[in-house]
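Asks: Line by line, the protein sequences are chains A and B.
Going by the working numbering, the first sequence runs without a break in its numbering and finishes at 70.
Going by the working numbering, the second sequence runs without a break in its numbering and finishes at 158.
Hints listed in this document are in silico derivations from the structure and should not be mistaken for laboratory results.
Remember, it's a predicted structure, so these values are computed and weren't measured experimentally.
Some hints could be false.
Taking lysine-lysine and the BS3-like style, the derived pairs with C-alpha atoms no more than 30 Å apart in a straight line are [said to hold, decoys possible]:
(1) 134(B) to 144(B)
(2) 48(A) to 134(B)
(3) 158(B) to 10(A)
(4) 46(A) to 139(B)
(5) 135(B) to 48(A)
(6) 48(A) to 68(B)
(7) 158(B) to 134(B)
(8) 10(A) to 139(B)
(9) 123(B) to 34(A)
(10) 134(B) to 10(A)
(11) 46(A) to 112(B)
(12) 48(A) to 155(B)
(13) 98(B) to 48(A)
(14) 100(B) to 46(A)
Reference listing, derived: stretches of chain B covered by chain A, where coverage requires no fewer than 3 residues with Cβ under 8 Å from a Cβ of chain A [said to hold, decoys possible]:
(15) 121-129
(16) 147-155
Backbone N, C-alpha and C define an ideal beta-carbon position, used for all residues, glycine too.
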Amino acid sequence: MNYQIISATKLSSSNLKVAEDIAAAQLRATGTPKLEIDSSLLAGVKIKVGTELLDLSLAGQIDRLTNSIN
Amino acid sequence: MEINIWQIAFQILNFGLVMFLLNKVLYKPVMKMLDDRAKKINEGMAAAEKNLKANDEIEKTKKTEASKARKEASTIISKAESDAKIKADGIVADARRKAKEEATKIVADAQKELDSSHAKLEKEAVSLAGALAKKALEKSLSSKEIEAITAGMLKANK
Numbered sequence: 001m002n003y004q005i006i007s008a009t010k011l012s013s014s015n016l017k018v019a020e021d022i023a024a025a026q027l028r029a030t031g032t033p034k035l036e037i038d039s040s041l042l043a044g045v046k047i048k049v050g051t052e053l054l055d056l057s058l059a060g061q062i063d064r065l066t067n068s069i070n
Numbered sequence: 001m002e003i004n005i006w007q008i009a010f011q012i013l014n015f016g017l018v019m020f021l022l023n024k025v026l027y028k029p030v031m032k033m034l035d036d037r038a039k040k041i042n043e044g045m046a047a048a049e050k051n052l053k054a055n056d057e058i059e060k061t062k063k064t065e066a067s068k069a070r071k072e073a074s075t076i077i078s079k080a081e082s083d084a085k086i087k088a089d090g091i092v093a094d095a096r097r098k099a100k101e102e103a104t105k106i107v108a109d110a111q112k113e114l115d116s117s118h119a120k121l122e123k124e125a126v127s128l129a130g131a132l133a134k135k136a137l138e139k140s141l142s143s144k145e146i147e148a149i150t151a152g153m154l155k156a157n158k
């Protein structure tokens, strides 16, 4: 099953490997990921498998922090 | 001079007759008229006295009634004043209570509005702070820092 890994900048090979491991372990992702760049993430990654989304980005963390305060 | 008995007797009889006639014709009617007049005068006097007494009584009654009426009027005025004061006090107290309630409501509404505005401002401030943090980080983070942060985040979620 194809999935996407979205990052703020191009991932280093080591970071990509860790991201793939997380996708496999937490979202049961298999196959080769499609890599995308989105600078609005600031740092970290987002992993999309089908309709599931795992947000490990800095922007997402800031949003979650903002929402928890509000 | 010789005394004539018959003439004396005649004179006595004549005098008696005159006296009888005068008594019948003049004295009695005159006396009756005088008695009637005196009686009328006495009756008039009695009536006048009675009228005076009645007038006095009426005057006395009038004075008593006037005094009573004045007292009643005074009582009515006092009661009306007292009632009016009680009513006025009630109206003033009611107006004060309503004004206080209104003021309390206005203050409560204003406080509610203020609290709501504060909460809204706080939310907006937090959202703004988040957006500003993102902007600042977007501009200030170098590629190496991004990579290091990404590595840290991935490691933390592994």
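Asks: All hints, please: hold or fail.
Replies: Cross-check of the supplied hints:
no., hint, verdict
1, 134(B) to 144(B), "holds, 17 Å"
2, 48(A) to 134(B), "holds, 22 Å"
3, 158(B) to 10(A), "holds, 20 Å"
4, 46(A) to 139(B), "holds, 20 Å"
5, 135(B) to 48(A), "holds, 25 Å"
6, 48(A) to 68(B), "violated, 107 Å"
7, 158(B) to 134(B), "holds, 25 Å"
8, 10(A) to 139(B), "holds, 17 Å"
9, 123(B) to 34(A), "violated, 37 Å"
10, 134(B) to 10(A), "holds, 19 Å"
11, 46(A) to 112(B), "violated, 41 Å"
12, 48(A) to 155(B), "holds, 18 Å"
13, 98(B) to 48(A), "violated, 63 Å"
14, 100(B) to 46(A), "violated, 59 Å"
15, 121-129, "holds (count 5)"
16, 147-155, "holds (count 7)"
Hints 6, 9, 11, 13 and 14 from the list above are not met by this structure, while the remaining hints are.
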